[in-house]
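Sequences are here, hints too, so could you generate the full structure?
2 protein chains.
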Amino acid sequence: MLERRIPISVAEAVTKIIDKKGFGEKEYVTIAECQGRFLAEDIVATHDVPHFNRSPYDGFALRSEDTTFGSLSNPLEFEVIEELGAGMVSSKTVQKNQAVRIMTGTQMPAECDSVIMLELTKGFEKDGKKYISFKRSIKKGENVSFQGEDAKKGDVIIKKGSQINPGMKGVLATFGYAEVPVAKKPVIGLYATGSELLEVHEPLQAGKIRNSNAHMIAAQIARAGGEVVYFGQLVDELETSYRAISVAIDQVDMLITTGGVSVGDYDYLPDIYQKLGAEVLFNKVAMRPGSVTTVAALGNKLLFGLSGNPSACYVGFELFVRPIVRSLSFSDTPHLRKVQAYLGTDLPKANPFHRFVRTTLTYQDGRLEVVPSGVDKSNIIMSLAGADCLTILPGGTRGFQKGDLVETLLLDDQTGSSWPW
Amino acid sequence: MLERRIPISVAEAVTKIIDKKGFGEKEYVTIAECQGRFLAEDIVATHDVPHFNRSPYDGFALRSEDTTFGSLSNPLEFEVIEELGAGMVSSKTVQKNQAVRIMTGTQMPAECDSVIMLELTKGFEKDGKKYISFKRSIKKGENVSFQGEDAKKGDVIIKKGSQINPGMKGVLATFGYAEVPVAKKPVIGLYATGSELLEVHEPLQAGKIRNSNAHMIAAQIARAGGEVVYFGQLVDELETSYRAISVAIDQVDMLITTGGVSVGDYDYLPDIYQKLGAEVLFNKVAMRPGSVTTVAALGNKLLFGLSGNPSACYVGFELFVRPIVRSLSFSDTPHLRKVQAYLGTDLPKANPFHRFVRTTLTYQDGRLEVVPSGVDKSNIIMSLAGADCLTILPGGTRGFQKGDLVETLLLDDQTGSSWPW
Numbered sequence: 045m046l047e048r049r050i051p052i053s054v055a056e057a058v059t060k061i062i063d064k065k066g067f068g069e070k071e072y073v074t075i076a077e078c079q080g081r082f083l084a085e086d087i088v089a090t091h092d093v094p095h096f097n098r099s100p101y102d103g104f105a106l107r108s109e110d111t112t113f114g115s116l117s118n119p120l121e122f123e124v125i126e127e128l129g130a131g132m133v134s135s136k137t138v139q140k141n142q143a144v145r146i147m148t149g150t151q152m153p154a155e156c157d158s159v160i161m162l163e164l165t166k167g168f169e170k171d172g173k174k175y176i177s178f179k180r181s182i183k184k185g186e187n188v189s190f191q192g193e194d195a196k197k198g199d200v201i202i203k204k205g206s207q208i209n210p211g212m213k214g215v216l217a218t219f220g221y222a223e224v225p226v227a228k229k230p231v232i233g234l235y236a237t238g239s240e241l242l243e244v245h246e247p248l249q250a251g252k253i254r255n256s257n258a259h260m261i262a263a264q265i266a267r268a269g270g271e272v273v274y275f276g277q278l279v280d281e282l283e284t285s286y287r288a289i290s291v292a293i294d295q296v297d298m299l300i301t302t303g304g305v306s307v308g309d310y311d312y313l314p315d316i317y318q319k320l321g322a323e324v325l326f327n328k329v330a331m332r333p334g335s336v337t338t339v340a341a342l343g344n345k346l347l348f349g350l351s352g353n354p355s356a357c358y359v360g361f362e363l364f365v366r367p368i369v370r371s372l373s374f375s376d377t378p379h380l381r382k383v384q385a386y387l388g389t390d391l392p393k394a395n396p397f398h399r400f401v402r403t404t405l406t407y408q409d410g411r412l413e414v415v416p417s418g419v420d421k422s423n424i425i426m427s428l429a430g431a432d433c434l435t436i437l438p439g440g441t442r443g444f445q446k447g448d449l450v451e452t453l454l455l456d457d458q459t460g461s462s463w464p465w
Numbered sequence: 045m046l047e048r049r050i051p052i053s054v055a056e057a058v059t060k061i062i063d064k065k066g067f068g069e070k071e072y073v074t075i076a077e078c079q080g081r082f083l084a085e086d087i088v089a090t091h092d093v094p095h096f097n098r099s100p101y102d103g104f105a106l107r108s109e110d111t112t113f114g115s116l117s118n119p120l121e122f123e124v125i126e127e128l129g130a131g132m133v134s135s136k137t138v139q140k141n142q143a144v145r146i147m148t149g150t151q152m153p154a155e156c157d158s159v160i161m162l163e164l165t166k167g168f169e170k171d172g173k174k175y176i177s178f179k180r181s182i183k184k185g186e187n188v189s190f191q192g193e194d195a196k197k198g199d200v201i202i203k204k205g206s207q208i209n210p211g212m213k214g215v216l217a218t219f220g221y222a223e224v225p226v227a228k229k230p231v232i233g234l235y236a237t238g239s240e241l242l243e244v245h246e247p248l249q250a251g252k253i254r255n256s257n258a259h260m261i262a263a264q265i266a267r268a269g270g271e272v273v274y275f276g277q278l279v280d281e282l283e284t285s286y287r288a289i290s291v292a293i294d295q296v297d298m299l300i301t302t303g304g305v306s307v308g309d310y311d312y313l314p315d316i317y318q319k320l321g322a323e324v325l326f327n328k329v330a331m332r333p334g335s336v337t338t339v340a341a342l343g344n345k346l347l348f349g350l351s352g353n354p355s356a357c358y359v360g361f362e363l364f365v366r367p368i369v370r371s372l373s374f375s376d377t378p379h380l381r382k383v384q385a386y387l388g389t390d391l392p393k394a395n396p397f398h399r400f401v402r403t404t405l406t407y408q409d410g411r412l413e414v415v416p417s418g419v420d421k422s423n424i425i426m427s428l429a430g431a432d433c434l435t436i437l438p439g440g441t442r443g444f445q446k447g448d449l450v451e452t453l454l455l456d457d458q459t460g461s462s463w464p465w
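In order, the protein sequences belong to chains A and B.
For the first sequence, the working numbering begins at 45 and goes up steadily by one.
For the second sequence, the working numbering begins at 45 and goes up steadily by one.
Derived by calculation from the structure, the hints in this document are not laboratory data.
Predicted model only: the values in this text are computed from it and were never measured.
Only true hints are included.
It does not matter which identical chain is meant; a pair holds if it fits inside one copy or across any two.
Computed list of lysine-lysine pairs in BS3-like fashion (alpha-carbon distance at most 25 Å, straight line):
hint: 1; residue 1: 140; residue 2: 184
hint: 2; residue 1: 382; residue 2: 446
hint: 3; residue 1: 393; residue 2: 183
hint: 4; residue 1: 166; residue 2: 328
Okay, here's the thing in structure tokens:
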């Protein structure tokens with residue numbers, strides 16, 4: 045007997061999941077380990093940057109008032125009373141017509157308010173003392189980076205939920221974050237189901253294929269910011285699968301299964317959800333691929349029943365699992381970033397379904413273009429290898445033409461969308 | 045005495061480095077560990093995909109010739125002689141007006157050339173046997189995924205030098221790559237120089253700043269695909285630095301230092317290169333920031349003397365070190381990907397120098413826009429945190445206006461450019 049399922053929209057499906065998302069947890073890692081992690085707190089400037097007035101150039105610090113009458117016809121002479129390398133601080137008091145040799149990044153002597161660049165001066169000695177001469181006047185503040193010019197103590201420099209990139213790591217170091225508050229990675233269990241599945245190392249057999257979904261999803265979990273616990277493969281047998289899944293749930297924050305969610309005779313996930321007493325949030329989504337994606341909630345844990353079809357599995361993860369992982373990573377833009385792009389090719393065949401087409405971004409003269417990354421049948425994993433975006437083609441009675449402005453979801457972007465639906 | 049350095053163009057500088065790049069090495073990692081690594085070989089289909097004719101739907105496999113006269117007014121009846129779950133193969137010979145219940149992904153019985161979808165049939169029993177009826181004819185080949193339809197054995201599926209993403213991992217699993225040939229990560233030594241540097245955990249001191257470059261560069265090395273060996277900080281002292289650097293070189297494939305490459309009294313890297321007998325490829329580049337970037341070659345090893353200024357250091361790495369790391373990772377597009385984008389804001393101030401401005405990508409109606417990611421002074425690290433591209437502004441006597449088409453280099457992209465200069 046064929047079960048009749050009522051499809052809901054992608055937006056509705058995502059809403060139902062997000063409503064159950066729970067809360068992220070914080071942990072501390074060393075700055076050496078923080079790359080690619082998600083900040084659990086806003087990062088605040090712990091001091092002004094620079095935290096002292098400093099010279100941006102190699103040169104001589106002096107008092108600008110002593111240079112007022114300097115000009116081509118009136119060269120000035122200054123005694124050089126000290127030389128400061130980076131990190132050194134002045135021990136002397138600079139007085140009228142005195143200067144201090146100063147390096148890039150060095151703290152200004154207290155009495156000095158400007159710097160003349162090395163290459164504008166001529167050095168000489170007189171009576172065993174060092175001097176410079178130059179032929180110009182210097183303005184107050186000239187060539188000085190003032191305290192707090194780059195950042196003020198207390199400024200929010202990086203927002204919570206950001207994925208830590210090299211520049212951010214530099215900022216964290218600047219402000220002394222030897223330990224960095226990051227989101228604890230949500231722990232995501234993974235079972236691949238299907239009697240047709242071989243392990244990667246096994247030779248092919250008639251009628252069987254190697255399990256590619258588990259490896260693909262493990263990589264998607266890592267990219268999203270989660271930690272995968274791979275439990276292995278399950279054959280299509282209700283009791284064994286039920287027991288394995290009910291044990292697995294206790295060990296993870298959420299559980300993904302691939303396969304077994306359709307209405308076929310060997311699709312046991314619906315029965316398993318029922319037996320577990322899980323609340324099925326939806327079991328059909330108005331989209332291709334991935335229409336059989338099923339999500340259930342058991343207590344505070346989500347069970348994601350992704351399709352066994354590689355492309356449907358891939359899309360299901362990105363639309364439904366990723367936003368949860370990113371929400372638990374303190375992002376307020378947890379969904380794939382949606383942008384507009386021009387279709388780079390004709391896709392003339394009409395399709396009644398809302399589709400997510402595996403596509404590749406190209407850039408032409410400042411325009412964003414998308415072209416299919418391969419043959420777009422839902423059972424073709426090859427095109428996933430080259431996809432860096434999923435282009436949304438609304439269902440309808442007409443196809444699409446090269447140059448049409450369409451919406452696309454960026455797969456590798458870290459900015460995200462707050463709500464792309 | 046101020047040394048006069050002759051600046052060379054960015055293109056010339058990159059060429060000099062690329063000429064010395066050497067050769068990448070291959071190693072094998074398990075498929076579980078391969079994510080984010082770079083393929084050392086083209087990945088070839090080890091078999092057809094699918095490797096048997098299979099059903100893309102739940103339904104019944106049959107011989108199309110038996111359905112020729114099926115229509116609304118002439119329903120057909122077929123005996124269901126077997127039921128095949130995914131992974132099972134037929135043990136019977138399908139004869140006239142017989143069908144086999146078949147699941148998504150299942151291998152077709154040899155005699156069958158088409159599938160009727162489950163939902164188009166009505167099942168019933170007669171004389172203890174199972175039957176289906178339906179009211180249409182089926183075309184030869186209808187609802188069959190044929191062997192080799194997705195990929196043919198021997199096809200190159202993923203190119204050497206690609207960074208392994210989730211979709212590629214799925215492809216690798218499909219073709220049985222339990223061990224994956226990847227580029228051995230180039231081992232890159234790192235020393236930060238400068239007496240002004242504090243460690244991240246140290247409290248601030250007058251005139252001193254925390255070492256942010258080492259942490260930033262370590263993250264850039266990881267992003268580029270290298271393995272960092274961080275040797276620590278060196279104070280501005282020639283002999284100590286010389287000894288430390290000469291020992292470090294032997295332990296790595298290439299060495300990065302930050303700081304000490306300018307012409308100041310405490311900039312010892314030029315002396316160290318001379319003492320080592322290294323060939324200085326260049327010590328001045330016509331660009332901002334990073335004009336003092338110095339690169340030297342010692343035997344088959346490159347010594348990258350990056351500026352101590354965080355932004356100059358960052359840009360120097362991306363322009364000069366990254367292409368080497370990616371070349372050694374078998375990429376033939378080792379440089380940052382260059383695309384065109386519209387300037388999203390006025391930058392009216394003219395600047396005589398060829399600049400790399402830290403910018404953020406935005407997308408507006410299918411147009412790519414760039415806006416500065418922060419105050420663009422070369423000593424401001426904050427703007428690096430938000431930068432996802434470096435926009436190239438040619439030097440000249442005029443500024444730039446909102447809407448100008450400019451070139452920009454994408455920092456997080458994995459496609460790369462073969463030669464962007």
